[in-house]
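2 protein chains.
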Amino acid sequence: MPTTPRLKGIFSPVLTPFNADYSPDPDRFIRHCKWLLDQDVGLAVFGTNSEANSLTVNEKRGLLDALLEAGLPAARMMPGTGACALPDAIELTKQAVKAGCGGVLMLPPFYYKGVSDEGLFRAYAAVIDAVADERLRIYLYHIPQVSGVPIPLTLIERLLKAYPKAIAGIKDSSGDWKNTSAMLERFQPQGFDVFAGSENFLLANLRGGGAGCITATGNVNPSAIVQLYKTWQQADADAQQKKLDEQRAAFAQFPMIPAMKAAIALKTGRKDWVHVRPPLVDLDAEQQQTLAATLDRVGFVMPNAGALA
Amino acid sequence: MPTTPRLKGIFSPVLTPFNADYSPDPDRFIRHCKWLLDQDVGLAVFGTNSEANSLTVNEKRGLLDALLEAGLPAARMMPGTGACALPDAIELTKQAVKAGCGGVLMLPPFYYKGVSDEGLFRAYAAVIDAVADERLRIYLYHIPQVSGVPIPLTLIERLLKAYPKAIAGIKDSSGDWKNTSAMLERFQPQGFDVFAGSENFLLANLRGGGAGCITATGNVNPSAIVQLYKTWQQADADAQQKKLDEQRAAFAQFPMIPAMKAAIALKTGRKDWVHVRPPLVDLDAEQQQTLAATLDRVGFVMPNAGALA
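These protein sequence lines are chains A and B, in that order.
Following numbering that gives the first Met the number 0, the numbering of the first sequence begins with 0 at its first residue and continues without gaps.
Following numbering that gives the first Met the number 0, the numbering of the second sequence begins with 0 at its first residue and continues without gaps.
Honestly, the hints are just simulated from the structure, not real lab data.
Hints should not be assumed to be uniformly reliable.
No copy labels: a pair is met if it fits in one copy or bridges any two.
[Said to hold, decoys possible] Below 30 Å or equal to it, Euclidean Cα-Cα: the simulated DSSO-like pairs (lysine-lysine) are:
#, residue 1, residue 2
1, K33, K177
2, K112, K270
3, K7, K97
4, K97, K242
With the hints as constraints, model all of the structure from the sequences given.
Take a look at the structure:
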């Protein structure tokens, strides 16, 4: 069976553009994905910053189909396929694997809290067994401050033992460097690829042997983040990291998803980029002005923003 | 337009029976619902204890249709229709309203945490506006320790002002009596029906003017709970409450859902009742024995269990 190369580098949880009536806009979605690929950013579509859990299964299937029909390369995609209901996770994962996606990013079922390793093991095992395809590569998604369901090291160890091929790596969005570091030490040497959950930890993660990062701000600041990935062994790496941190902070002064969407609207003139689905709320006019001023102050430029307009 | 009487009394988040392959079993589901109705317990199908978020939208639609086709009265049903994705919540709520359900129990979208009142208001408003049916009665579902998304008093106030007909009440599963008490004082006098989230607070809630309770253990201990609801002004009410608390504690020594399912399997001889969907885990043999012994000690009897066998 043919296998694609393992996923490495910078990925973005691709923002999902909505119309004013909250329906997704496949046209802007495709153009945003092409723009990201042009800058060497891979497509972690349907992540937290994609408002993926605000989309139905059918909406996600439709958007993935739209990308494939537009000719975008599945090998550069890592769609989020985790769901509270196992049959939903199985359906989305099957679609991704059949399409040839390089991997899938999989949240644990996230409604019940305080669940056991045994329960989470059974959940991942049920998906892997039902998909039953050697091409399946799962990247676990550890984002406890949002999902409420952490993925402990003990669970990773057990999953890797049972499914060494299917369990390909993790996105660690905990913001807890001690946790990322422990995974780099214990699991990266086995070929379990550790992606940092934001560019704040990109340099540290690469120095520790990690695979890259999957980061929200890849949506708006792709080239500078990719630059650090490509040149992290150069003398100016720490200075690059510092600059990336400043630029990220400009967005993080507001809720990130509406802030990034507002920035794209601002830089492209496409005002419909501001829409988010409830329970998120778009930035108000004053917040948009503050954001614009801050972005100017940190010297933020969206490269080739015209391609998105 | 005809309206059904407002929902009052004891409701149970109906356990969803699964087969060994994790598929739902409509036959046992229907019989369990009939058994509950026979004991004056209303049907809050698709609640937390129903593993509702472990079911797909289509599975929930199919199970509700199965109940309706079996002739069970929609007016006694309060299906859970909340979802992370608004179109899912809208679809399920429309189905429930068209079927004539007495109400719906609606979680807020629960993936994102720390969301604003404004965002949650927009989420509920989007469902109410899309359903656009005067028969819609929403019971808000406050269970922050599981959903991670509380429903603050300020949000209730705003929703009641904007949608005084559609916003019918709340299930308060916080376990925080101060919160329930505040809602009884501020909102119950406006006809906003406050249901306690477990029978532990049943007597206190009735004394405070509340509407009843929606409780997990209604699945296994319905008649004793209904008895207190019907006789709460009698002299033995506190003694009844104490006995109910003891019986609940017997289940709460283990995760409640697997424990209740194990108890039904035990009392009916239908061993397939033990199945739960991951991430939940069924009780092991030793836990089942401990449970059985505890149930005997507290004098727990499932009335007419033969109807479920």
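Hints, one by one, checked against the model:
Neither within a single protomer nor between protomers do K33 and K177 lie at most 30 Å apart by alpha-carbon distance, with minima of 35 Å and 53 Å respectively. Proximity of K112 to K270 under the C-alpha cut-off of 30 Å is restricted to the inter-copy arrangement: shortest distance 26 Å between copies versus 38 Å within a copy. Proximity of K7 to K97 under the C-alpha cut-off of 30 Å is restricted to the intra-copy arrangement: shortest distance 21 Å within a copy versus 50 Å between copies. In this assembly of identical chains, K97 and K242 lie within 30 Å of each other by CA distance neither inside one copy nor across copies; the values are 40 Å within and 56 Å between.
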